[in-house]
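Novice: Make a model of the complete structure from these sequences and hints.
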Amino acid sequence: MTARTPIQPLSSAASDSPALAEAFVRLRNLSKTYMDERGRPVFHAVKGINLEIQDGELLVLVGPSGCGKSTTLRMIAGLEKISGGTIEIGGQIVNQVEPKDRGIAMVFQNYALYPHMTVFDNLAFGLKLAKKEKPFIRQAVLRAATTLGLEALLDRKPQALSGGQRQRVALGRALVRNPKVFLFDEPLSNLDAQMRVQMRAEIARLHASLKTTMIYVTHDQVEAMTMGDRICVMREGVVLQVADPLTLYRQPQNLFVAGFIGSPPMSLLPGRIESRDSGLVFVGDSGSGALTLALSGRLERLARGRVGGKIVFGVRPEHLRVTGENSSPGAVGCVVEIAEPMGPETILYLKAGGSSLVGRAPCEQLYKKGEKLAIHINIDKAHLFDAESENVLAET
Amino acid sequence: MGRPSLRTWVLGLLGWLAAILLFFPIFWMTITAFKTEQGAYQPDLFFIPTLQSFREVFARSRYGGFALNSICISCGSTVLCFLLAIPAAYRMAFFPTRHTQSTLLWMLSTKMMPAVGVLLPVYLLFRSAGLLDSIRGLILIDTLINLPVCVWMTYTYFCEIPAAILEAARVDGAGFWSEIWHVLAPMALPGMSSTALLLIVLSWNEAFWSLNLTSAQAAPLTVFIASYSSPEGLFWAKLSAASLLAVAPILVMGWLTQKQLVSGLTLGAIK
Numbered sequence: 001m002t003a004r005t006p007i008q009p010l011s012s013a014a015s016d017s018p019a020l021a022e023a024f025v026r027l028r029n030l031s032k033t034y035m036d037e038r039g040r041p042v043f044h045a046v047k048g049i050n051l052e053i054q055d056g057e058l059l060v061l062v063g064p065s066g067c068g069k070s071t072t073l074r075m076i077a078g079l080e081k082i083s084g085g086t087i088e089i090g091g092q093i094v095n096q097v098e099p100k101d102r103g104i105a106m107v108f109q110n111y112a113l114y115p116h117m118t119v120f121d122n123l124a125f126g127l128k129l130a131k132k133e134k135p136f137i138r139q140a141v142l143r144a145a146t147t148l149g150l151e152a153l154l155d156r157k158p159q160a161l162s163g164g165q166r167q168r169v170a171l172g173r174a175l176v177r178n179p180k181v182f183l184f185d186e187p188l189s190n191l192d193a194q195m196r197v198q199m200r201a202e203i204a205r206l207h208a209s210l211k212t213t214m215i216y217v218t219h220d221q222v223e224a225m226t227m228g229d230r231i232c233v234m235r236e237g238v239v240l241q242v243a244d245p246l247t248l249y250r251q252p253q254n255l256f257v258a259g260f261i262g263s264p265p266m267s268l269l270p271g272r273i274e275s276r277d278s279g280l281v282f283v284g285d286s287g288s289g290a291l292t293l294a295l296s297g298r299l300e301r302l303a304r305g306r307v308g309g310k311i312v313f314g315v316r317p318e319h320l321r322v323t324g325e326n327s328s329p330g331a332v333g334c335v336v337e338i339a340e341p342m343g344p345e346t347i348l349y350l351k352a353g354g355s356s357l358v359g360r361a362p363c364e365q366l367y368k369k370g371e372k373l374a375i376h377i378n379i380d381k382a383h384l385f386d387a388e389s390e391n392v393l394a395e396t
Numbered sequence: 001m002g003r004p005s006l007r008t009w010v011l012g013l014l015g016w017l018a019a020i021l022l023f024f025p026i027f028w029m030t031i032t033a034f035k036t037e038q039g040a041y042q043p044d045l046f047f048i049p050t051l052q053s054f055r056e057v058f059a060r061s062r063y064g065g066f067a068l069n070s071i072c073i074s075c076g077s078t079v080l081c082f083l084l085a086i087p088a089a090y091r092m093a094f095f096p097t098r099h100t101q102s103t104l105l106w107m108l109s110t111k112m113m114p115a116v117g118v119l120l121p122v123y124l125l126f127r128s129a130g131l132l133d134s135i136r137g138l139i140l141i142d143t144l145i146n147l148p149v150c151v152w153m154t155y156t157y158f159c160e161i162p163a164a165i166l167e168a169a170r171v172d173g174a175g176f177w178s179e180i181w182h183v184l185a186p187m188a189l190p191g192m193s194s195t196a197l198l199l200i201v202l203s204w205n206e207a208f209w210s211l212n213l214t215s216a217q218a219a220p221l222t223v224f225i226a227s228y229s230s231p232e233g234l235f236w237a238k239l240s241a242a243s244l245l246a247v248a249p250i251l252v253m254g255w256l257t258q259k260q261l262v263s264g265l266t267l268g269a270i271k
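Residue numbers (our numbering), protein chains in the order written: chain A, 1 to 396; chain B, 1 to 271.
Just so you know, the hints here were simulated from the structure itself, not pulled from any lab data.
Please note that the accuracy of each hint is not assured.
[Stated by the list, open to error] Label-pair restraints from in silico Cβ distances:
(1) Ile93(A) with Thr103(B): 33 to 41 angstroms
(2) Val252(B) with Asp121(A): 34 to 42 angstroms
(3) Lys81(A) with Leu83(B): 26 to 34 angstroms
(4) Lys81(A) with Ala129(B): 38 to 46 angstroms
[Unchecked claim] Among the chain B residues that face chain A by a calculated CB cut under 10 angstroms, a handful are:
(5) Arg170
(6) Val171
(7) Pro186
Even for Gly, the Cβ is constructed at its ideal location relative to N, Cα and C.
Specialist: In structure tokens, the structure reads:
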């Protein structure tokens with residue numbers, strides 16, 4: 001991979017969704033800069049992002065640690081001061097509005113339950129502060145408790161609850177506020193794998209029944225893919241791509257999105273385009289004996305005009321097919337480095353001409369380390385990325 | 001479980017020796033209080049106890065008045081300490097700046113200054129303000145003496161509380177005082193209780209300012225004890241009786257609340 005160029009923020013034109021007239025939550029040129037004691041900028045956490053979230057949509061903000069997703073969520077909640085730009089909720093600019101008046105409810109990563117209060121009091125706290133009447137509070141709490149299966153736990157304190165139960169109480173506390181927007185800040189990070197799957201389904205069910213706008217922050221791309229109506233991929237304070245999960249998976253706009261979304265990840269092979277007698281080929285960057293792939297169809301058209309240029313070739317694991325040791329036209333010889341039998345399939349980590357590839361194979365066959373294989377790459381499904389700008393090459 | 005090792009025995013023995021050494025003056029004072037004045041000069045452990053000294057002390061002084069002053073000053077200064085310390089500790093714990101640590105150290109450094117160095121200016125200020133020999137004067141001076149300790153300890157307890165809980169309270173609609181009353185204070189209650197106990201003990205035992213700034217009206221029990229150091233000589237039995245009457249309430253309170261005192265002082269020592 002070449003030296004990194006500054007990440008280009010996503011322009012509104014690059015969004016894969018059509019421009020939406022009446023977004024329920026709208027971020028315009030939102031930025032957050034942390035200052036030192038003398039007012040000098042120290043760190044730009046969020047760099048002028050633009051985002052529109054529809055009423056009833058579940059939008060997931062996903063990205064690596066430090067990308068600005070939690071900071072963005074906290075600015076929407078009103079827990080973080082905005083350095084620039086505006087936030088609109090329901091058509092109203094809320095930059096100066098207190099969190100309690102924004103119509104939001106937040107579920108925190110570490111639950112943030114009040115340890116000295118019972119589950120009932122945790123759920124009722126916001127309503128008590130709002131000076132609602134006791135019968136109303138009781139009804140609202142019982143309704144939320146019934147929705148989340150907390151009826152038997154109302155007299156317990158948080159210390160007597162499991163992680164999953166605590167998270168449901170945190171959900172319930174958000175639910176009783178009857179908010180316009182739910183905000184989730186990595187709510188499942190502290191749960192074990194099984195509980196995470198369970199709670200994911202719970203939140204998805206809640207969204208389906210309430211149809212309330214939800215903004216969900218996570219660093220787990222599997223969570224993002226399974227939960228979001230749309231996913232916003234962020235990195236280093238900028239938005240790289242906003243699209244529905246399948247579009248993000250099939251049509252990544254840049255190298256980072258391509259490598260971040262999908263498990264196992266896309267194989268990304270740095271190299272160059274060369275012109276041979278047979279046509280244009282992609283040659284990997286691993287010296288003599290490097291992987292050489294003949295380009296055809298769409299990729300051949302994209303590669304024209306890029307001969308000699310530095311390119312990254314990307315292919316998803318499911319687009320690699322093991323054809324057997326006997327070579328066949330278009331087959332690529334490779335060696336198995338690691339084979340991970342997952343049950344329904346085997347994940348293969350392969351080495352081909354010095355380049356690393358990841359593939360999926362049916363579970364019936366067992367593979368050993370060092371075993372030689374021939375694979376066929378579906379060139380039609382592959383992607384080419386410009387190594388300098390890291391953007392995908394696309395037909396205009 | 002196996003037999004305790006030699007190391008455990010030695011450490012246990014050392015612990016007992018230290019406890020006996022620390023407690024011995026209290027023990028000796030207690031038994032002396034039940035002796036006659038002549039018997040007080042004898043180092044007898046076995047004697048016929050008498051309440052003569054106590055009767056003379058009660059006859060000579062208004063013990064009740066001194067005790068009430070001590071209670072008012074200790075409790076009043078503790079409450080005032082918390083009213084000032086809680087907002088300061090809140091700000092420093094949840095919105096720290098680069099000056100926070102230096103501010104805390106500066107506050108604590110005032111405890112290192114000898115009180116006698118500021119006796120004269122404080123006396124003159126109190127005289128001008130009409131605070132000499134007044135309960136509110138002593139409450140004020142005890143508050144100022146104990147404030148650094150109160151701020152420091154409260155700050156430590158507040159630092160233990162995750163900021164996300166206060167943020168959750170803000171989202172739920174809590175303002176500053178609601179956060180303190182409904183969330184922060186209940187969560188920090190164990191630590192703040194032990195801080196309160198410590199402040200009461202410190203204030204109860206404060207002698208220097210009590211002796212110099214009071215005479216008749218507002219004198220607490222520390223002055224009561226000192227009044228038995230007379231020019232005619234030391235009346236050990238009566239002095240011991242007076243001292244026992246002065247320290248007994250705080251000793252009993254400390255004994256009953258020792259768990260809270262220890263847990264509060266060691267809270268936050270281990271993450």
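Novice: The structure should be examined with respect to each hint, and the outcome stated for every one.
Specialist: Against the structure, the hints:
The given range of 33 to 41 angstroms is respected by isoleucine 93(A) and threonine 103(B), whose C-beta atoms sit roughly 37 angstroms from each other. Between valine 252(B) and aspartate 121(A) the C-beta distance comes to about 35 angstroms, which sits within the given range of 34 to 42 angstroms. A hinted range of 26 to 34 angstroms holds for the C-beta pair lysine 81(A) and leucine 83(B), which are about 29 angstroms apart. In this structure, lysine 81(A) and alanine 129(B) meet the distance hint of 38 to 46 angstroms, their C-beta atoms being roughly 43 angstroms apart.
For arginine 170(B), the interface hint holds, the least distance from its beta-carbon to any beta-carbon of chain A being 5 angstroms, beneath 10 angstroms. Annotation: interface hint on valine 171(B) holds; nearest CB of chain A at approximately 5 angstroms, less than 10 angstroms. Annotation: interface hint on proline 186(B) holds; nearest CB of chain A at approximately 4 angstroms, less than 10 angstroms.
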